[in-house]
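Student: One letter stands for each residue in the lines below.
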Amino acid sequence: MHSAKNAAAMLTRTASHTARTVLSKFYSSVATPRYVPRRAVMYVPGSDQRKIDKVAAVAADCVVLDCEDGVALNQKEAARNTIRATLEKKRSLFAGKDCSVRVNAVSSDLWKDDLASVLASQHLPTTLHLPKVDSTRDIDMFASEVVRLLEGRHLEEPLRVFLFCESGRSLLRLAELCEHGLGLPPPLLLDGFVFGSDDYCADIGMTRSSLARELLYARQKFVSVVRSFRLQAIDLVYIDYKNLAGLERQSVEGAEFGFTGKQVIHPCQVDIVQRAFSPSPKRVQWARGLLEAYEKHQTQGAGAFTYQGSMIDMPLVLQARNVIATSAAQSSSTHTDGDLRAPSYSSPLA
Amino acid sequence: MHSAKNAAAMLTRTASHTARTVLSKFYSSVATPRYVPRRAVMYVPGSDQRKIDKVAAVAADCVVLDCEDGVALNQKEAARNTIRATLEKKRSLFAGKDCSVRVNAVSSDLWKDDLASVLASQHLPTTLHLPKVDSTRDIDMFASEVVRLLEGRHLEEPLRVFLFCESGRSLLRLAELCEHGLGLPPPLLLDGFVFGSDDYCADIGMTRSSLARELLYARQKFVSVVRSFRLQAIDLVYIDYKNLAGLERQSVEGAEFGFTGKQVIHPCQVDIVQRAFSPSPKRVQWARGLLEAYEKHQTQGAGAFTYQGSMIDMPLVLQARNVIATSAAQSSSTHTDGDLRAPSYSSPLA
Amino acid sequence: MHSAKNAAAMLTRTASHTARTVLSKFYSSVATPRYVPRRAVMYVPGSDQRKIDKVAAVAADCVVLDCEDGVALNQKEAARNTIRATLEKKRSLFAGKDCSVRVNAVSSDLWKDDLASVLASQHLPTTLHLPKVDSTRDIDMFASEVVRLLEGRHLEEPLRVFLFCESGRSLLRLAELCEHGLGLPPPLLLDGFVFGSDDYCADIGMTRSSLARELLYARQKFVSVVRSFRLQAIDLVYIDYKNLAGLERQSVEGAEFGFTGKQVIHPCQVDIVQRAFSPSPKRVQWARGLLEAYEKHQTQGAGAFTYQGSMIDMPLVLQARNVIATSAAQSSSTHTDGDLRAPSYSSPLA
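Quick mapping for you: the protein sequence lines, in order, are chains D, G and R.
Quick note: the first sequence uses the UniProt record's numbering, first residue 1, plus one each step.
Quick note: the second sequence uses the UniProt record's numbering, first residue 1, plus one each step.
Quick note: the third sequence uses the UniProt record's numbering, first residue 1, plus one each step.
Looking at chain D on its own, in the form it has when it is part of the complex (with noise of 0.2 Å):
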């Protein structure tokens, strides 16, 4: 029952399942759509080749080419040329990798050349990465410009989305935005939401203080309604990479909050942030022991019961296989029997 094989047979649920139906018909390769799990999400900037070269050395799951702002602006052309270079000759360098590009915001004049160059590289990106949503306008501008740009190609797989929340309109309309986004055409997919949270300081006017305390609401609510819709949810940015301790301890804060995974500026970050949204081998333990406790007082007519302590019933069962879950999808993303949707339960297993 809670073997990793099993716990991925797990995920599979409801409205996966119909998003998987759908999706099969356009979709030669594969009848569903692997889970991509991207603990860290790190950018690197489009511009900058020296850097793009070193990012097979990288083990981050996620790795975003920018053309947003990593690129200065006398450089968005370059970048543009040196991400579709990459994707043409040097998509070797992202084997095991989600391979994402960040676009510009739809409300820059640079969005579309952006897309234009992208797509049509003959390999395409895994996931496109739309900076600055506010607005359910904003992503149907850019679906249709996608939809357009890959008439009549045939893709092996959907190409993932990731939307970006980062200003207090933004926050404020974001289930609407989340309900939305699953709406998105074929072959598009949407696989989460990213918070940005610079630009949500800088629009509502906040400092930054080093523990984030106010960043506490809009971290939660983000987590919260991204989550709802069974959406990866992605933390901030810890900007000040030289501080390793103080990353750890943001990091864990997050997985606990219930982000899947977390943005990541500098390759010194990769290695705490993806440990850190990983379960431990201690909690994945503490699961295993306690669905065997959970199934023998079941047999035995108990509801709930004590467990190291505390006591027991299905809502921390639930708990326990998300950890199972979340384990086993993350060492066997590269196989195709995951699911469409960030593991989570919301309710018994039939």
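These are computed hints drawn from the structure, not numbers from a lab.
This structure is a prediction, so every number in the text was calculated from the model and none was measured.
Some hints here could point you the wrong way.
Which copy? The list can't say, so a pair holds if one copy fits it or any two copies do.
The list that follows gives simulated cross-link-like pairs (lysine-lysine, PhoX-like), each with its CA atoms no further than 25 Å apart [what the hints assert, rightly or not]:
# : residue 1 : residue 2
1 : K90       : K296
2 : K296      : K97
3 : K242      : K296
4 : K51       : K296
5 : K282      : K242
6 : K296      : K89
7 : K296      : K112
8 : K112      : K282
Given the coordinates of chain D, assemble chains G and R onto it according to the supplied hints.
Tutor: Chains G and R in isolation, oriented as in the chain D frame:
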């Protein structure tokens, strides 16, 4: 003005007055349904006769005979029978207590059988608890089934209802659920909501920490919304039942946040919780003194004034009245001159 | 690019531009209504002539002559008369200050008489404060009464308005109230919202603690929503006016959260609050240095770069611009080249 008797009279508010007018057409024994305090809300597995028989010795305001998470799947039928027999023959065990029953969620196959069994009893429970309410449809299905089962019966009092918020979706729609719940058809009467933190955590994919900092947004949003509708708000379970210091800290915190009570899973938790959700003698004394000073200053024509080193104006006066009213309601809960709703003042008295 | 003068110019944004275009048809003296900083918002009971006469010596940006909670019921008429006489004959007491009047709530019987008295004065206050706004209807009633009373009068400037959020319902509907308030008819112009924490606590039934942890959700939601609409957001009162260390801690926290100012109930609180809501010289220096480094790197074609040990890209640049703009607006508030709205950047400058 601030004696216990006057305080109870002050509980009468427009909203409850309207409800009373409607309700008095349906229930013979009381013109004014009484306020039912529920500081400690203790679950007892419906299948566990031994624990049920000990209920009389427990000082919890509210005891919930559970058909749901505390009962193993193969014991559901046994739990129904035990609960029904308890209601028929051992109702005296619950003297002075809110005798509640928690049925299974409408998303299960179990809830209709639960209701059919419990509502066939000659002596009804005071309150029904409905877990995992994710939509207004859940409320409607539950209500129409209860109304159908009680057709033709004459009730002395309204049948109170508590709904559970235990998922991201439920928290997202909480205001809508409150509003809808306040429109429950007679003889049902919504008394409040329970926050089911462990199911919520499983749904979002959170990891629980001992200080529950990860739940700050969810708990504070929950209490803000629920109390806006003048409903009781019941805080999360503290599952580490051997850690009484931790329980006390969290109980005091919950009372400060505005919760009116807390879920309890072991008799040893009851006293600490009941105390935390009662205004302390010191606070009652603070409130009495403040109200006396207020009346004196009003007569003398002073609006704001200093009391115990703080600047006092109307909002603090209202808080002091809350303290007196809550204290009075808890000590006079067996009388029928209380309010339908939890005490709260949002506007000065006329 | 980052001088005070340029910063003030940078304050011009699309939303305010539109407002300006509309407003310039109504007010003769200014093409651009100025930005009115309100770091400390100090209440003075309208019935207390002695305290009013001391106002000139207090360095608060904004002084509010109060008809509401600071005035005893039997002093309401006296307060109206004193305020009107003050406006007529002692307007010079308020030189360089925002001279405001808080009327009673529309749910009281008092507000119409308050308005009739205050608006009959030849010299109007700069700003009207309306407490306890729970619905859009409250706003409409207030607006139509003001418009009626001012009919036929020619105003030099718009009459600014602050609305108070002081209940759970108000917090629940805050976005709707902001949106509605932005549509106030001329000569009214919404400048912001005040968070009335003590009435909010009375409404929810909370107990205040010294660190106000129980208000984290309410304050952070309030500031997020209000600032999303580019309005000023005024933080709670610190009622323990003898504890200046506690006041400073809470003021700094409020500024970090994104509040633009704070309510004050005693002159001894003013300096600490004004300082906390002004960018410190050190932060202004940080911002100037960052913007210089940014321009240098942009010219050299670098997008992200390191500054003082942190990775900087566009969002941090926007935060630095906020600091410069706020500092400039506060020091040049008597000029008319500021903005209608509190400074905030959500998108890069063209």
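Student: Give a verdict on every hint.
Tutor: Cross-check of the supplied hints:
| no. | hint | verdict |
| --- | --- | --- |
| 1 | K90 with K296 | neither (52 Å within a copy, 32 Å between copies) |
| 2 | K296 with K97 | neither (40 Å within a copy, 34 Å between copies) |
| 3 | K242 with K296 | between (48 Å within a copy, 23 Å between copies) |
| 4 | K51 with K296 | between (53 Å within a copy, 21 Å between copies) |
| 5 | K282 with K242 | between (28 Å within a copy, 22 Å between copies) |
| 6 | K296 with K89 | neither (55 Å within a copy, 33 Å between copies) |
| 7 | K296 with K112 | neither (58 Å within a copy, 27 Å between copies) |
| 8 | K112 with K282 | neither (48 Å within a copy, 41 Å between copies) |
Violation of the numbered hints given earlier is confined to hints 1, 2, 6, 7, 8; the remaining hints are satisfied by the structure.
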